[in-house]
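Start from chain A and add chain B according to the hints.
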Amino acid sequence: MVQDLGYLKETPSQTAGPYVHIGLTPNYSEIGGVYETDLGSVMVNDKTLGEHITVTGRVIDGAGAPVKDAVLEIWQADSAGLYNSPSELRGTADPNFTGWGRCPTSSTDGVFRFGTIKPGRVPFKDGREMAPHITVWIVARGINIGLHTRMYFPEETEANAEDPLLARIEHRDRLATLIAAKEGSVYTFDIHLQGDKETVFLDI
Amino acid sequence: MSKGSNSKPETGAFFARDRAWHPPAFAPGYKTSVLRSPQRALLSLDGTISEITGPVFGHSILNELDNDLIHNFAKPGESAIGERIIVHGRVLDERGRPVPGVLLEFWQANAGGRYRHKKETYLAAIDPNFGGCGRAISDNEGHYAFRTIRPGAYPWPNGVNDWRPAHIHFSVFGHGFAQRLITQMYFEGDPMIWKCPIVGTIPDKQAIEQLIAPLDWGNTIPMDARAYKFDIVLRGRRSTLFENRLEGN
Chain A
20 MVQDLGYLKE TPSQTAGPYV HIGLTPNYSE IGGVYETDLG SVMVNDKTLG
70 EHITVTGRVI DGAGAPVKDA VLEIWQADSA GLYNSPSELR GTADPNFTGW
120 GRCPTSSTDG VFRFGTIKPG RVPFKDGREM APHITVWIVA RGINIGLHTR
170 MYFPEETEAN AEDPLLARIE HRDRLATLIA AKEGSVYTFD IHLQGDKETV
220 FLDI
Chain B
14 MSKGSNSKPE TGAFFARDRA WHPPAFAPGY KTSVLRSPQR ALLSLDGTIS
64 EITGPVFGHS ILNELDNDLI HNFAKPGESA IGERIIVHGR VLDERGRPVP
114 GVLLEFWQAN AGGRYRHKKE TYLAAIDPNF GGCGRAISDN EGHYAFRTIR
164 PGAYPWPNGV NDWRPAHIHF SVFGHGFAQR LITQMYFEGD PMIWKCPIVG
214 TIPDKQAIEQ LIAPLDWGNT IPMDARAYKF DIVLRGRRST LFENRLEGN
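Chains as they are written, first to last, in my numbering: chain A, 20 to 223; chain B, 14 to 262.
Errors might be hidden in some of the hints.
Each computed DSS-like pair below joins lysine-lysine, with the alpha-carbon atoms no more than 27 Å apart [stated by the list, open to error]:
{"no.": "1", "chain 1": "A", "residue 1": "66", "chain 2": "A", "residue 2": "201"}
{"no.": "2", "chain 1": "B", "residue 1": "44", "chain 2": "A", "residue 2": "216"}
{"no.": "3", "chain 1": "B", "residue 1": "208", "chain 2": "A", "residue 2": "28"}
{"no.": "4", "chain 1": "A", "residue 1": "28", "chain 2": "B", "residue 2": "131"}
{"no.": "5", "chain 1": "B", "residue 1": "131", "chain 2": "A", "residue 2": "87"}
{"no.": "6", "chain 1": "A", "residue 1": "87", "chain 2": "B", "residue 2": "218"}
Pair by pair, the computed Cβ-Cβ distance ranges are [to be verified]:
{"no.": "7", "chain 1": "B", "residue 1": "96", "chain 2": "A", "residue 2": "52", "range": "18 to 28 Å"}
{"no.": "8", "chain 1": "B", "residue 1": "110", "chain 2": "A", "residue 2": "195", "range": "39 to 49 Å"}
{"no.": "9", "chain 1": "A", "residue 1": "177", "chain 2": "B", "residue 2": "219", "range": "44 to 54 Å"}
{"no.": "10", "chain 1": "B", "residue 1": "137", "chain 2": "A", "residue 2": "23", "range": "26 to 36 Å"}
Derived by calculation from the structure, the hints in this document are not laboratory data.
The model shown is predicted, which means the values in this text are computed figures rather than measured ones.
Every residue, glycine too, gets a C-beta built ideally from N, C-alpha and C.
Here chain A stands alone, though its shape is the one from the complex (with noise of 0.2 Å):
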């Protein structure tokens, strides 16, 4: 016999449910009056460095319809490529971004968006710059353990070459899953749950 290691098991996870909004987003599932706005609902303000965008799109299910009542939520660096997080050692991020936001997917038309900045580059574990992106994570009705992917951006061509994440992917046509298409400032990331177009997810 050796030593036991004394680790615990992580607490596993279930689905969100239908209802996520009512614990998640309560204003928005018309419950009035409990917290003043829902969390994550805005990660902007006048004073918040970089270019203003915005990131919208749809999760689409495996016989492409759209998933009506999920819930995203985003984690990203500030203009500057820091993250607003005790983490953070490189330096403080904007005091004027949270990085992170919530949005759920509209019960009507299935679409998300979020009011964001685009981020600046943040680098690997190993020193090389990745390209700029945005940390996405989904919990739905159905989902049994939140999916982890990443959006890019279509016009940081060099970069996304180089990136080391986007690297890894055997397939590459499955790249083209990760990059927004652009539009102004208007970023749209559709999101394929399954099938021929599935997006790439992460185990991170």
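Positioned in the frame of chain A, the structure of chain B alone reads:
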């Protein structure tokens, strides 16, 4: 990061998730998972700064009644109907260390199993004094607590006659976005637990038992509320002693 902590912020990557312990994406007994589960393998990535960091919320977001679901939606002088309970526990990591300063959010049905949600059509009545949401931030030792009423079981259109056991949904942040977790708490002794297709998405019986809160008689308050204890374990962090720290990591 909680105020008053004298430890340095942690920057180690997280332990890899044991995905055989968690439910798989595709679990056909839970029908909605069939079309909402990725079929390709996940792309594995040891944590970068994008996942090691995460949002942290200060106590300033909390209102006085945020952790009291009996009263936070009730009219003045009134309260929600049902069995009054306290749910409390600690947020720990896989190394058994407390995780302070993390936001927990809770949501649930009322005593009759009815959710306050426009898409919910169950014929059990809405409680005019019950909203069903609450939140708390763990203290320096990782403790959290809230008051609520015990939710009822409710039927759902999965199998012809499927019912959810009484449960409370939990959303938990850690200190890094990779620790983000949503789960459900069940109640000790509920025979419905072992019939539920959502519980049954978890392959390992021991993992299911980790979601069942025991009745905590010691903390039950006489003539007021019974207590249930529910500890939550988030992913552990590797010691930075073991990190190959290159510039910027």
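Tested hints:
{"no.": "1", "hint": "A:66 - A:201", "result": "24 Å, holds"}
{"no.": "2", "hint": "B:44 - A:216", "result": "22 Å, holds"}
{"no.": "3", "hint": "B:208 - A:28", "result": "24 Å, holds"}
{"no.": "4", "hint": "A:28 - B:131", "result": "36 Å, violated"}
{"no.": "5", "hint": "B:131 - A:87", "result": "13 Å, holds"}
{"no.": "6", "hint": "A:87 - B:218", "result": "32 Å, violated"}
{"no.": "7", "hint": "B:96 - A:52: 18 to 28 Å", "result": "24 Å, holds"}
{"no.": "8", "hint": "B:110 - A:195: 39 to 49 Å", "result": "41 Å, holds"}
{"no.": "9", "hint": "A:177 - B:219: 44 to 54 Å", "result": "49 Å, holds"}
{"no.": "10", "hint": "B:137 - A:23: 26 to 36 Å", "result": "47 Å, violated"}
Hint compliance for this structure: hints 4, 6 and 10 are broken, all remaining hints hold.
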